[in-house]
Each structure stands twice: as structure tokens, then as C-alpha cells.
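Residue numbers (the working numbering): 1342 to 1815.
In short, the hints are calculated from the structure, not lab data.
Ideal Cβ placement from N, Cα and C applies to all residues, glycine included.
It is possible that some hints are incorrect.
[As the list claims (entries may be wrong)] With a cut-off of at most 30 Å between alpha-carbon atoms, the simulated DSS-like pairs for lysine-lysine come out as follows:
| # | residue 1 | residue 2 |
| --- | --- | --- |
| 1 | K1477 | K1700 |
| 2 | K1783 | K1477 |
| 3 | K1706 | K1601 |
| 4 | K1706 | K1347 |
| 5 | K1702 | K1783 |
| 6 | K1731 | K1783 |
| 7 | K1723 | K1670 |
| 8 | K1783 | K1356 |
| 9 | K1670 | K1702 |
| 10 | K1477 | K1346 |
| 11 | K1753 | K1700 |
| 12 | K1670 | K1565 |
| 13 | K1700 | K1468 |
| 14 | K1491 | K1477 |
| 15 | K1491 | K1670 |
| 16 | K1347 | K1536 |
| 17 | K1670 | K1477 |
| 18 | K1670 | K1706 |
| 19 | K1723 | K1536 |
| 20 | K1753 | K1477 |
| 21 | K1491 | K1356 |
| 22 | K1723 | K1702 |
| 23 | K1588 | K1706 |
[Stated by the list, open to error] Computed beta-carbon distance windows for the label pairs:
| # | residue 1 | residue 2 | range |
| --- | --- | --- | --- |
| 24 | A1611 | D1774 | 32 to 42 Å |
| 25 | K1741 | D1469 | 43 to 53 Å |
| 26 | A1615 | K1491 | 24 to 34 Å |
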Amino acid sequence: MDYLKKLSRFIIPYKRYAFLNIFFNIMYALFGTLSFVSLMPMLKVLLKTSERILVKPVRDNYNGLLAYGDFLNDYLNYFITTKIESEGQYSVLILMISIILSTFLLKNISGYFSNFFLAYLRNGILKDIRNELYNKTVELPLSYFSEKRKGDIIARISTDVNEIQNSLLAILELLVREPLTIVFTIIVMFTISIKLTIFVFIFIPISGIIISWVGKSLKKHSKKVQDENGVFLSVLDETLNGLKVIKGFNAESRFTSIFKQSTTRLYKYANGLAHRQNLASPTSEFLGIIVIAVILLYGGKMVLVDNMLTPDEFITYMALAYNILTPAKAISKAGYKVKAGNASADRVLEILNTESSLKDKPDAKIKRDFTNSISLNNVSFKYEDDLVLKNFSIEVSKGKSIALVGQSGSGKSTIANLVTRFYDVSEGSITIDGQDISDLTKHSLRASIISSFVASSFPISKLFLIESLKRIES
């Protein structure tokens, strides 16, 4: 599955929890099926439909795999007959009810432990994705954040990662618990009546085609909602960061209009997504009820007219058929969640798979300290297609202070960003103590000169200040 391939490297460290979750999901599916199968002996006792068999059935007398259901039925009748003969009918009823309670208890214990181990798996993967996203965010060059809106990146780190978390539960349900519940249930249904089960299977492909169509539509609308949510957060981020400028240019109405356009699109896309999500459960349930109605008609004929099934067998069969509805609905919903998670995984992995355009050379040297001067030699720089600096040259000796004065947007901050190699020059070169800064490691370059620069837009957070003071103390 494409989704698992994308997240496999995050799942591997927690594979122990994944295997334990799968094991208890298998137990959940098995005991879930047995809990309905255990209804049959109780019904045989209540309805007095069990055939009196006093001789223990031998498997060798039942030829072929298809006769296995007859063998199990005869053995059950033999067991009930001998128990009633020795302990009485009411005692056997108590035993049957105890078996039913035990299977339901084991089913729910298995369900608890499957979710118990899933919590470690899901939250561990979530932690690692967030950590790797943050590491990638601080590693990427400033040019990446100029091209990508900050709000969109925040949306990917928060909203999209949460979407992945929600879909992890769905994908394990889709792969293990619910499919196995259906498989185990169908096996038992075959042992009760092969003919009726084959008849039921005629309607399953039709249901699958309809559910698949709704799922594809959901993925498309889910991506639209996620993309627009990124735009929405970007507009909000730009407004809060530039509120002084917006007010200064009396641009409140313009930004309000842009914000309303984004929320209107988000409203439209979210409604479309919600409509399709709301369609999932009723569609699968109605299709399931149609199958149940067909079973009632055809199975009722087998009981009342053809005498091919006993009432207890048919009631158990109906319970098993209904037992398929819940996992079928869960698979339907899980499929939609996985598609939404798949779209989120694409957006998250787009950041994680982005290669930094500012890399140290393999033979880059470490700059220990700044001793002489910094020189900019005919430096030109383009921001996307716009030329910001052209043939700019200056030399600054250590210990001297200079102030770059000019209009907003004239390139003052750009010069500081180029010297600290937040960007690479388009033309020309920058040297420090005669060494080209592209030949130095970025870390050592910045460590040696960053204290020499004061940028008007450099934000000092409380966390950054505390960490800096700790370093000075040590």
C-alpha cells in the first residue's frame, strides 16, 4: 500500500508494538466471530431443534472439505444430546450462556490490548514525524521559506501531521482487524450453508464499486481542504506580522477581502468533503441492509419451503451476516481516512524530501575565528527573478562598525543574509580573512561572525535568550 511505503521508515522503530497490535487484532476478529457462532448451541437448546445423536461423529466418515460443516453440526448435536442426558436442559442452557459471555469477554480484552499497543505505535510515529519536520525546517535555507508561505508550512506540521495520526488507526483496521473479522465470519457462513453464502456474494462486488467511487471523490476534496487551510494560515500569519504596515497604508479592507475569499473557499471545500464523509456510513449501511433483506428472502425459503436449514442455523447465519456490516462500514470509513491521510503524507513528505540548496562542500574548511576583514567583491543577487543587488563591493575591517542606510527593500538585510550565507550570491564573491565563504562550513562561518551583525528584523525569542545566557555562563 502506497501509504505504508511512505511512512515505513517511521513505523520500523515501533514494529514491536505493530506486531502486538496485529496479534490482538487477530484475536479480536477470531473471538468476535466465535461470539456469534456460540449463539447456535444456545438456540438449539432453547428451540429444541438439536438432533438427538448418541454416537460420537468421526471425521473420517465425512468426505471432502465441503462436508466439514456437516461434521461440526453433528458433533455439536452430539455434545448437546450427551450434556442434556447427563445434566439436564437448564444446566446446558447455563453452560451455553457462559460460553457466549466468555467469547464476548475475550473479544473485548483483545480489543483493549490492540488499542493499548496502538497508542505507543501511533504516538511514537507522530513524535518522530514532528521531530524530523522541525529538524528539516531549521536546516532548510531561507530561500525555501520565501517561496513557501509560513502558514502553509505550519499547517503541514500541525494539521497534516494530526491527519496522519488519525489515519494510522484506520489503516490498521483496514489491513487487519476488520478484514479478518469478515474472513472468519464468511468461513463460518460457508460451513452453515454454502449455497446461501454464494448467493450473498453476488451482491458484494456491486457494493464495492459504489464505495470505491465515493472514496476517490473524498481524496480529491480532502487535498483541496488541506491546501486551502495552508493558504488561510498564511494570510493570517502575514496579517499578524505586518499589521503595522497594513494599518499604515490603510489596507485593512483589502486584507479583509483576501481573508474572506480564503475562508469562503475553505467553507465550500469543507462542505463538499463533509457531504462525502457523511455519505460513507449511510451508503455502506443501506447496501448492507439490502444484502440482509435478500438473505431473509432466500434463506427464509430454504427454511420454510426447502427444509435445507433449521431455524437456529438460519438465525445464527443472519447474526453472522449482520456481523459483517460493522467491519464493512469500518473499512468504508477507514478507506476514506486513509485517502485523507495519504494526501497529508504527501504534503508532509514534500518538506522532508526537500534537499537544501545551501550545502557545505565535501572539503569545506572550519573557520575558527574572525581576525582581519570581510569583503564583498562585485556581488549581485537575484531574489527569484528580481535583481536586488548589482555589482556591490565593500570591505569592512574587524573592529569597525558600519551602518547600511537606505529605503526599505534596497538590499540592506540582503547583504547581512549573504555574508552569513543564508543565501548564496548570484555573481561575485564574499571573503572573510581572504577565504571565500563558500569554501567554509556554514556552522563555523556563522559562529565566527554572527555577533558582528545587528539586523533590524532579527527576532530574539525568550527561549533563544535563555539558551544564549546558558552558553555564556558555561
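Tested hints:
no.: 1; hint: K1477 with K1700; verdict: 13 Å, holds
no.: 2; hint: K1783 with K1477; verdict: 16 Å, holds
no.: 3; hint: K1706 with K1601; verdict: 51 Å, violated
no.: 4; hint: K1706 with K1347; verdict: 36 Å, violated
no.: 5; hint: K1702 with K1783; verdict: 10 Å, holds
no.: 6; hint: K1731 with K1783; verdict: 24 Å, holds
no.: 7; hint: K1723 with K1670; verdict: 55 Å, violated
no.: 8; hint: K1783 with K1356; verdict: 37 Å, violated
no.: 9; hint: K1670 with K1702; verdict: 55 Å, violated
no.: 10; hint: K1477 with K1346; verdict: 20 Å, holds
no.: 11; hint: K1753 with K1700; verdict: 24 Å, holds
no.: 12; hint: K1670 with K1565; verdict: 25 Å, holds
no.: 13; hint: K1700 with K1468; verdict: 27 Å, holds
no.: 14; hint: K1491 with K1477; verdict: 14 Å, holds
no.: 15; hint: K1491 with K1670; verdict: 38 Å, violated
no.: 16; hint: K1347 with K1536; verdict: 42 Å, violated
no.: 17; hint: K1670 with K1477; verdict: 38 Å, violated
no.: 18; hint: K1670 with K1706; verdict: 61 Å, violated
no.: 19; hint: K1723 with K1536; verdict: 75 Å, violated
no.: 20; hint: K1753 with K1477; verdict: 28 Å, holds
no.: 21; hint: K1491 with K1356; verdict: 34 Å, violated
no.: 22; hint: K1723 with K1702; verdict: 22 Å, holds
no.: 23; hint: K1588 with K1706; verdict: 48 Å, violated
no.: 24; hint: A1611 with D1774: 32 to 42 Å; verdict: 57 Å, violated
no.: 25; hint: K1741 with D1469: 43 to 53 Å; verdict: 47 Å, holds
no.: 26; hint: A1615 with K1491: 24 to 34 Å; verdict: 28 Å, holds
Hints 3, 4, 7, 8, 9, 15, 16, 17, 18, 19, 21, 23, 24, counting from the list given before, are not met by this structure.
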